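Student: Sequence:
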Amino acid sequence: MPAGLTLYTNPMSRGQIARWMLEEVGQPYETVLLDYEGAMKSADYRAINPMGKVPTVVHGGHVVTECAAICAYLADAFADAGLAPPLDRRHDYYRWLFFAAGPVEAAVTNRALGFVVPEGRERMAGYGSFDDAVATLEKAVSGDAWICGEQFTAADVYVGAQVDWGLSFRSIPTSPAFEAYAARLRERPAYKRQKELDNALIAKMQAKG
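Just so we're aligned, residue -8 is where the sequence shown starts under the working numbering, counting upward by one.
These aren't lab readings, by the way, just hints derived from the structure by calculation.
For clarity, every value in this text was computed on a predicted model and none was experimentally measured.
Possibly wrong hints are sitting among the right ones.
Derived EDC-like pairs (lysine to aspartate or glutamate); straight-line CA-CA distance at most 16 Å [stated by the list, open to error]: (1) K199 / D26; (2) K44 / D71; (3) K44 / D67; (4) K130 / E187; (5) K130 / E113; (6) K195 / D26; (7) K130 / E170.
Work out the full structure, taking the sequences as your base and the hints as a guide.
Tutor: Given below as structure tokens:
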């Protein structure tokens, strides 16, 4: 397994998801902070991530972008952390990880931007309608189990971040199922470490203006 693990991030970004996953993995990593208008759009960083956005994880020279991919990659790269189910039980793992990265992300973003799928054109949108996507997400996290049953996995990090942020920013409607799932996530030591680290960085950035 290649050595060296670096997170390129900004604390006020989806980089919080990647950091949470890194904290769950429990391996040492370097953090490189990038501002939105300067370093993130620089030629040096675009050579790593041509999109000029964060997060990006570099592991032994291998570049991984996109939060869902980062979560899945780290779960496999550091299998001893137990963040991926056995191969023969990964149906729910892949299903909900990529459902959150695809339909849920698109539905929530479009709604936040004021875009509504025209009536009768739902089949052209991968999520159909916002209400359908959210109802399906709610069903996936209902009950006392995690996404893949009793085992907490990388899918819970990504799906959980969507639910946690959705409730915090009111981009998804509140419900008992969402609230209960988020409450369990917020008790995880890795989640708490991530929030402490990123909140401290945000406070420093705000103090500097």
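Student: Indicate, hint by hint, whether the structure satisfies it.
Tutor: Each hint tested on the structure:
1. K199 / D26: 13 Å, holds
2. K44 / D71: 30 Å, violated
3. K44 / D67: Between K44 and D67 the Cα gap is close to 24 Å, so the pair fails against 16 Å, i.e. violated.
4. K130 / E187: Judged against 16 Å, a Cα distance of about 30 Å means the pair is violated.
5. K130 / E113: 21 Å, violated
6. K195 / D26: Measuring from Cα to Cα gives roughly 13 Å; hence the hint holds.
7. K130 / E170: 13 Å, holds
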